[in-house]
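Chemist: Assemble the complex: chain A is given as a structure, and chain B must be docked to it using the hints.
Residue numbers (the numbering used here), protein chains in the order written: chain A, 240 to 680; chain B, 98 to 733.
None of these hints come from the bench; they were simulated from the model. Since this is a predicted model, take the numbers as computed values, not measurements. Note that CB positions come from ideal geometry on N, CA and C, so glycine has one too. Among the hints, a few may not be true.
Said to hold, decoys possible - Computed spacing ranges between beta-carbons, pair by pair:
| hint | chain 1 | residue 1 | chain 2 | residue 2 | range |
| --- | --- | --- | --- | --- | --- |
| 1 | B | G571 | A | R504 | 48 to 58 angstroms |
| 2 | A | T590 | B | E337 | 47 to 57 angstroms |
| 3 | B | E448 | A | K620 | 33 to 43 angstroms |
| 4 | A | A667 | B | E459 | 36 to 46 angstroms |
| 5 | A | A552 | B | Q713 | 17 to 27 angstroms |
| 6 | A | R660 | B | A421 | 51 to 61 angstroms |
| 7 | A | K461 | B | E185 | 21 to 31 angstroms |
| 8 | B | K585 | A | R504 | 38 to 48 angstroms |
| 9 | B | S712 | A | V294 | 48 to 58 angstroms |
| 10 | B | D710 | A | K461 | 45 to 55 angstroms |
| 11 | B | D470 | A | R660 | 36 to 46 angstroms |
| 12 | B | A421 | A | A552 | 13 to 23 angstroms |
| 13 | A | P330 | B | A566 | 51 to 61 angstroms |
| 14 | B | K548 | A | S443 | 33 to 43 angstroms |
Claimed, not checked - Derived pair list, reagent style DSS-like, types lysine-lysine, alpha-carbon separation capped at 27 angstroms:
| hint | chain 1 | residue 1 | chain 2 | residue 2 |
| --- | --- | --- | --- | --- |
| 15 | B | K660 | A | K487 |
| 16 | B | K569 | B | K585 |
| 17 | B | K660 | A | K497 |
| 18 | A | K468 | B | K569 |
| 19 | A | K320 | B | K585 |
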Amino acid sequence: MNTHEFKKQDELTRRQIMANAARTYLGVTVAPMLGGTLATGALGATKKGAGPSQVAEHVIFLNMHGGMSHLDTFDPKPRNKEVQGPVEVIPTSGDYEVSQYLPEFAKVADRACVIRSMSSTQGAHEQGQYMLHRSYQPRGTIVHPAIGSWIVRHKGRKNSTLPGFVTVGTNPKNASAGFFGAEFQGVPLGRPDEGLKDSKRPNSVSEEDFTKRLAIADVLNKKFHETYKSPDVKSYDSLYDEAVNLMKSEDLKAFDIKREPSSTRSKYGNDRFAQGCLLARRLVEVGVRFVEVGLGGWDTHYDNFTSVEARAAVLDKGFATLVQDLEAKGLLETTLVVIGTEFGRTPHIVTEHNNGRDHHPACFSAVMAGAGIKGGTTYGKSDKEARRPDSEPVTVQDFNATIGYALGIDSHKILHSPSGRPFRMAGAEKDLGDPVKSIFS
Amino acid sequence: MTSTFRFLATGLGALGFAFSASAQQAKAPDPAVLKKAAYNIDKHVANLYKRKKLKVPEVVDDATFLRRSFLVAAGRIPTLEESRMFLEIEDEKKREMLASYLMSDKNDGYRSTMVNWVSDLLRLTDAFNEGQAAPYVKFVHDAMSNNMPWDDFARQLLSAKGSGWSEGNGAVGYFIRDKGMPLDNLSNTMRIFTGERMECAQCHDAPFHKWERMQFYELAAFTNGQEEINRGPWRSVWREVRDAKEERTEFGRLVEWLGDNVHYFTLAGGGKGRIKLPSDYQYRDGDPGEVIGGKTHFGKRIRSSDRRDDQTAREDFANWMVTANDNFTSIIVNRMWQRIMGKGIYEPVDEFTKSDKTITPELMDYLITLMRDDLNYDLRAFQHVLLLTRNFQFAANPEAFEAGMPQAFNGRQIERMSAEQVWDSLVTLTAGNPDKLPKRRFSDTIYYGGKPVLVGQKTMGQLSKELLAIQKPGEYKSYVSQLLSSIKAGNSGASKDAMMAMQRAGRPGPASGMARASELPAPAPNGHLLRMFGSSDRDLIDSATREPNMAQVLSVMNGYVEKMVVSNRSSAVYKALEAGTSDRDKVRFLYYSILSRSPTPEEMALLMRDVIDGSQESYENLTSALISTHEFIFVQ
Chain A
240 MNTHEFKKQD
250 ELTRRQIMAN
260 AARTYLGVTV
270 APMLGGTLAT
280 GALGATKKGA
290 GPSQVAEHVI
300 FLNMHGGMSH
310 LDTFDPKPRN
320 KEVQGPVEVI
330 PTSGDYEVSQ
340 YLPEFAKVAD
350 RACVIRSMSS
360 TQGAHEQGQY
370 MLHRSYQPRG
380 TIVHPAIGSW
390 IVRHKGRKNS
400 TLPGFVTVGT
410 NPKNASAGFF
420 GAEFQGVPLG
430 RPDEGLKDSK
440 RPNSVSEEDF
450 TKRLAIADVL
460 NKKFHETYKS
470 PDVKSYDSLY
480 DEAVNLMKSE
490 DLKAFDIKRE
500 PSSTRSKYGN
510 DRFAQGCLLA
520 RRLVEVGVRF
530 VEVGLGGWDT
540 HYDNFTSVEA
550 RAAVLDKGFA
560 TLVQDLEAKG
570 LLETTLVVIG
580 TEFGRTPHIV
590 TEHNNGRDHH
600 PACFSAVMAG
610 AGIKGGTTYG
620 KSDKEARRPD
630 SEPVTVQDFN
640 ATIGYALGID
650 SHKILHSPSG
660 RPFRMAGAEK
670 DLGDPVKSIF
680 S
Chain B
98 MTSTFRFLAT
108 GLGALGFAFS
118 ASAQQAKAPD
128 PAVLKKAAYN
138 IDKHVANLYK
148 RKKLKVPEVV
158 DDATFLRRSF
168 LVAAGRIPTL
178 EESRMFLEIE
188 DEKKREMLAS
198 YLMSDKNDGY
208 RSTMVNWVSD
218 LLRLTDAFNE
228 GQAAPYVKFV
238 HDAMSNNMPW
248 DDFARQLLSA
258 KGSGWSEGNG
268 AVGYFIRDKG
278 MPLDNLSNTM
288 RIFTGERMEC
298 AQCHDAPFHK
308 WERMQFYELA
318 AFTNGQEEIN
328 RGPWRSVWRE
338 VRDAKEERTE
348 FGRLVEWLGD
358 NVHYFTLAGG
368 GKGRIKLPSD
378 YQYRDGDPGE
388 VIGGKTHFGK
398 RIRSSDRRDD
408 QTAREDFANW
418 MVTANDNFTS
428 IIVNRMWQRI
438 MGKGIYEPVD
448 EFTKSDKTIT
458 PELMDYLITL
468 MRDDLNYDLR
478 AFQHVLLLTR
488 NFQFAANPEA
498 FEAGMPQAFN
508 GRQIERMSAE
518 QVWDSLVTLT
528 AGNPDKLPKR
538 RFSDTIYYGG
548 KPVLVGQKTM
558 GQLSKELLAI
568 QKPGEYKSYV
578 SQLLSSIKAG
588 NSGASKDAMM
598 AMQRAGRPGP
608 ASGMARASEL
618 PAPAPNGHLL
628 RMFGSSDRDL
638 IDSATREPNM
648 AQVLSVMNGY
658 VEKMVVSNRS
668 SAVYKALEAG
678 TSDRDKVRFL
688 YYSILSRSPT
698 PEEMALLMRD
708 VIDGSQESYE
718 NLTSALISTH
728 EFIFVQ
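One chain only, chain A, in its complex shape (with noise of 0.2 angstroms):
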């Protein structure tokens, strides 16, 4: 059975279940509000040799926002003394350096290909993690999906009661939907270590009050509907059905970390960056598409070289553990781990702002492992000091091309808007991505 139908199923399930109530509690019959736009499901999924030819199943994206410095991690120059300050370099397991800060990625680095000649248009953070996350500008006009929506909107979910996409620590924003609507829409999680808050009925409400209070709230709503055409008022409507459905998954438990062997969580360490990994892991076993972690105080203006210290060892020990905690359960050859930002920082070091540097969007690095990408390589280049691709540029719709080839996706693939405008997963039409696909083995 596909997921397709699998949802269709529950939906069925959900529907009779509030019509049941309503008739039993309310002595109506109702045509219930809820879920009417749920019964659709995996749009313009892809072919299995249709065009793209990788087929990783999830992504787990760690957003390093605020802007990381790419000289200080993935793209040191250690014979340029005047860019790159007092930071040293060391060698990897892979086929290449990294900085001092970053130990541990050296040990998995056989695993991860380096890409050096990352660049986008936007110099704010704002606009810069928009474009990282939708592959377009922010217009007055339109919201854009996340990239983890256009997954799920490509891919269909793969476990119909589990949300498509899951945020951990990061903008609820970055969990948009935008113009695709709710069932599209990411779960944003504030802390790993209490996973998917109120995801269980509470013990002072009976089952039987619960489900009357859901059918008392949905004939109430009625008439709200019948007013107010709006889209937001439908999507709260999708999300107290898919709600529902959650809160009777079998799979609930994958949002709680706790129940991991304490072995597995002593290695990752307490810090929230590697629970919020941790989680991702688990959330991928059980089939969600897409997870973005966050790790923030990358926009290091102000005192450069202890804060990237500090936010490195982060990154670096998050990153470690969770590639060799994928491969060991079999999952990273079909899990796509990226390593994203939405700038750069200058050669330039700001003395003035104690040893500063500021926001480059001209030039800066990512990371993709696992799902069939050439471990241990680099791709593209820097000049000499860091300032600019020096070859092979990868602009960020380039970049989220390549997550969508990694998931056999077609990110030229024109979707439409509500209001009938064309939109791709690779961007603009005049600034369209196209997937790097020679880091793909």
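Modeler: Using the frame of chain A, we list chain B on its own:
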């Protein structure tokens, strides 16, 4: 006057509904002036409808007006008492009376909701990158509480200098908030106060924008030079500490703490008025590293020298900002319109549009004059005017599109409550009128290592004054040693009175638990209901979101709503059950408390037949269901 009305009028008076002029209200603008202004606005809107040959929308019923007004002006739903007073009174002036009630300075809701608004705009947080921001937070809270005119507020933020710990000088925090990124700070300043988007020009001439990189740097020149006061001696002492690897000693820790909490929160000089072009400057009109002077490009042209450092460049810039260009007033007018009407006259609300490019230039010009010349940037009075307009009372447009008229004039679009409105409304259902709940506390007591120290001997203000006056490292060192031993000697020197006073005042800082959003930590912690419903993380300007997500729904079904409100038998919402004697009255009062209206006859019939059996459980079910309705969470 009927007897019912007399009773209710007395009640309204008790709630502060009446017009009666108190000593404080004497300062407030004459109600007749406000009404006249509202009338003028409506005239312009009516002309607009006439010109477009469209039918003017209906006005909403009392219940919708009540709920909308409360959510917009007080940031929360009305209590049972407030709903009852308003809905059961019959008086043709009651809508005006409600506006006066909400905009009275006795009503804390307005302050609270303005704090939320301005905090999102300024990206206000409890802590800077280093050290605490309490005096800055206090400055902003006080400004909203005292209804500081908007031009004063802007001027003070932009021209502040010195130590943030000096009495009343918290405005310095505006620049400290963005320490290390003065250029981003300037972009934000321009966006906040003039509605010019310059963040692209920070790095390049933007092909689709009007600003060039040179112009950006010419503006940045005014605010350039944001050094700390007297960091030199501190630096020498800290270097010694580091060289001796004594960072973790008592002395080392104290030195570090002083750096983060005293020096960090200082701003020397008044702005240099000149700036070096960056090393990657790429256009013909300047060379990398070249020093240029300041220059404005719209409004009155002002300049600063490229030859020598200025002393008052930030002040000059601030004065230009608030008096010498058209943008400043237009943007705040538009933002206030958005706050009250749901949408700005032009959108995005912070992209300046000239009056003659808006759909109704006459109205825009009128509003600008009203704000600047008649009301002198009194934001409360201006919003009060808007609340009195017919435009505010237009029924919500049921369609998700404009239908020939911008939404600013077309009856608002229904919109989900903001995170703060959701939270503050749930707090109201739990604890009643939240005005009396705990608020943030501020104090200039020195808190070191999480404990109050030197109580009654030294305040943060005194400490920073003394420390910043020291010029020599040696002196600095001995000052710190002495400070350390005083701290270690404990609070024995403190007078009893001082200790008592401090205990009474309680621990400074944000409130926790049951308090309004404005009083909670800023930004709200991850995982809090406020964050689930999209409150801003305060990293970026106005970055709150109202997008739906599943965490919100779960929280309504199983989380905060159930635990804090529904299953809590002492919740204020259950006063409805005491207020009513019959089941029908109880149901009606629950509706008043939660949806601010009476149930329809059909609803009542259905509920009486199938839901309410007189038991607490049946009322809990109804309470939970009413809070879960769309009607609860959407502002109509």
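Chemist: Determine for every hint whether it applies to the structure shown.
Modeler: Results for each hint:
no.: 1; hint: G571(B) x R504(A): 48 to 58 angstroms; in the structure: holds, 51 angstroms
no.: 2; hint: T590(A) x E337(B): 47 to 57 angstroms; in the structure: violated, 21 angstroms
no.: 3; hint: E448(B) x K620(A): 33 to 43 angstroms; in the structure: holds, 39 angstroms
no.: 4; hint: A667(A) x E459(B): 36 to 46 angstroms; in the structure: holds, 38 angstroms
no.: 5; hint: A552(A) x Q713(B): 17 to 27 angstroms; in the structure: violated, 54 angstroms
no.: 6; hint: R660(A) x A421(B): 51 to 61 angstroms; in the structure: violated, 41 angstroms
no.: 7; hint: K461(A) x E185(B): 21 to 31 angstroms; in the structure: holds, 27 angstroms
no.: 8; hint: K585(B) x R504(A): 38 to 48 angstroms; in the structure: holds, 40 angstroms
no.: 9; hint: S712(B) x V294(A): 48 to 58 angstroms; in the structure: holds, 57 angstroms
no.: 10; hint: D710(B) x K461(A): 45 to 55 angstroms; in the structure: violated, 23 angstroms
no.: 11; hint: D470(B) x R660(A): 36 to 46 angstroms; in the structure: holds, 44 angstroms
no.: 12; hint: A421(B) x A552(A): 13 to 23 angstroms; in the structure: violated, 49 angstroms
no.: 13; hint: P330(A) x A566(B): 51 to 61 angstroms; in the structure: holds, 52 angstroms
no.: 14; hint: K548(B) x S443(A): 33 to 43 angstroms; in the structure: holds, 39 angstroms
no.: 15; hint: K660(B) x K487(A); in the structure: holds, 20 angstroms
no.: 16; hint: K569(B) x K585(B); in the structure: holds, 24 angstroms
no.: 17; hint: K660(B) x K497(A); in the structure: holds, 23 angstroms
no.: 18; hint: K468(A) x K569(B); in the structure: violated, 70 angstroms
no.: 19; hint: K320(A) x K585(B); in the structure: violated, 45 angstroms
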